[in-house]
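The hints should help you fit chain B onto chain U, whose structure is shown.
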Amino acid sequence: MNDNSSKSNDYVSKLIEGKKRIDGRAFNEHRQPIEITYNVSNKAEGSARVKIGDTEVIAGVKMDVGTPYPDTMDQGNLITNAELLPLSSPMFLPGPPDAQSVELARIVDRGIRESGMIDMKKLCIREGELVWNILLDIYTINDDGNLIDAAALAAVAALRVAVLPKLEGDKVQFGEFTKTKVPLKLLPITCTIFKIGQHLVVDANRQEEEAVDSRLSVAISEHGQIHAMQKGGSVGFSIEEVDQAITLAKKVSEQFRKELTK
Amino acid sequence: MVNILVKEREIVVPGQELAEGMDYLPSEGAFREGDKIISSKLGLFNLDGRLIKVIPLGGKYIPKKNDSVIGRVTDVGFSGWRVDFGWAFNMNVSLKEGSRDFIPNDADLSQYYAPGDLVVAKIIKVMSSKIIDASLKMPGCRKLGTGRLIEVESSRVPRIIGKQGSMISMIKDATGCNVVVGQNGLVWISGSDLENEMKAEETIRKIENEAHSEGLTDKISAFLNVKPREIVENDIQ
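In order, the protein sequences belong to chains U and B.
Going by our numbering, the first sequence opens with residue 1, and the numbers climb by one from there.
Going by our numbering, the second sequence opens with residue 1001, and the numbers climb by one from there.
The shape of chain U in the complex, shown without the other chains (with noise of 0.2 Å):
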């Protein structure tokens, strides 16, 4: 019933406004704890559940083979899809993907990408003839606010598990899983910074999200280099905000990548 515009959120933006947020957290501090599970579906190569807060999202990597792109002969393929399940939040409705799951799809989909976080040349089998596909498919279970930066953290901690499955002549073993596991190079840590007012926050939750006059991804790996970002939302970013923006999301990824880590 929170879908109007401007009056719902007043209490959250004057409490912004105060240097205050609606469950007493600092503007830098995300929602404790992170909770990440491994392995939470047997069928797949390699999953994860991440729950930051009462947000809740799993992401599961499925191996398949198939022909190389002509312009990548000798890589693997990524295909990333995310799905806003209904159950998750009243907002979602049942139906073809919406833009908001595309995006989420997408940011996710960039920041591994672009980071090149997955060594796609060891993905190839034969090369122009035959290489990995991963599948990556995020599900959001429970949407508390801050879904993308949930979803990003679940898909590497997926794709961290993940192992290829047992490959006999070119068809794949389904359920049969080898040692190897998917060669990575880095992790990528997707950290959004919410800009409210004046004020740039992270990890917003589903109240606080309603307030929000826009976002900043920023993907980031472990030197600290920029891989991608991502900005939604109706309400620019000036320079210097860009700049606060990146210093907090590299402060608060190597936080989340402590989690990841551990």
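The set of hints was computed from the structure by calculation and includes no laboratory data.
Given the structure is predicted, the values throughout are model-derived calculations rather than measurements.
Beta carbons: idealized from backbone N, C-alpha and C, even for Gly.
A couple of the hints might just be wrong.
Okay, derived cross-link-like pairs now, BS3-like style, lysine-lysine, Cα gap no bigger than 30 Å in a straight line [stated by the list, open to error]: (1) U/LYS43 to U/LYS258; (2) B/LYS1143 to U/LYS19; (3) U/LYS19 to B/LYS1199; (4) U/LYS20 to B/LYS1206; (5) U/LYS62 to U/LYS258; (6) U/LYS20 to U/LYS251; (7) B/LYS1199 to U/LYS14; (8) U/LYS20 to B/LYS1172; (9) B/LYS1172 to U/LYS19; (10) U/LYS122 to U/LYS181; (11) B/LYS1096 to B/LYS1130; (12) B/LYS1137 to B/LYS1060; (13) B/LYS1206 to U/LYS19; (14) U/LYS20 to B/LYS1143; (15) B/LYS1041 to B/LYS1064; (16) B/LYS1172 to U/LYS14; (17) B/LYS1143 to B/LYS1064; (18) U/LYS258 to U/LYS122; (19) U/LYS51 to B/LYS1206; (20) B/LYS1060 to U/LYS51; (21) B/LYS1199 to U/LYS51; (22) B/LYS1206 to U/LYS14; (23) U/LYS14 to B/LYS1143; (24) U/LYS179 to U/LYS166; (25) B/LYS1199 to U/LYS20; (26) U/LYS122 to U/LYS43.
Among the chain B residues that face chain U by a calculated CB cut under 10 Å, a handful are [said to hold, decoys possible]: (27) THR1146; (28) GLY1147; (29) ARG1148; (30) LEU1149; (31) SER1190; (32) ASP1193; (33) LEU1194; (34) GLU1195; (35) GLU1197; (36) MET1198.
This is chain B only, laid out in the frame that chain U set:
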């Protein structure tokens, strides 16, 4: 033959026989079939005089006449307002029931309640066709300002209010917050600062989680560090 088949405060399931004979009457959560009274809900059995009631353990709020609920105005029409109160259907507030003030003929109705406003409304009529009429001019009805809105299980609302409002006034006194509890499980909290509002929300969440335990008032007063208020007869809440 007249017989009560279950004990007081026992958990019953839908379809379970609660009583035999014509001496008892089914109330909320129970219905009569032949000479038997049968439960229609999962809940606690409750006998009040000759009335047999099942207090549900959970579930969606079902609107009832004379309930005060919190809702959000979604639409302003030519002859009234529509209010979303967290049920499948919105309720209608007619022009006549809109305000205690006189509404002139050519008035802009969004001057009174605009879409997005939070209101406390009283349900005056529930029709079988799911059309709900509500009033915004009965005592206690008003527009709510900026505040924290939280959602609780509607079956826990009586515990949050307490006997003669004892629990809710304890929260109000201890935190200094203004708290409005709607029967539909929406609670509005407004206080002088964030810490007090968070304390009030935490207390309400605690009541919601421990609603079935004994001596809840003492637990909550210990949690809030206050003495429970004496219940005065005829205390007007």
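Checked against the structure, which of the hints given earlier come out wrong?
Every hint satisfied by this model.
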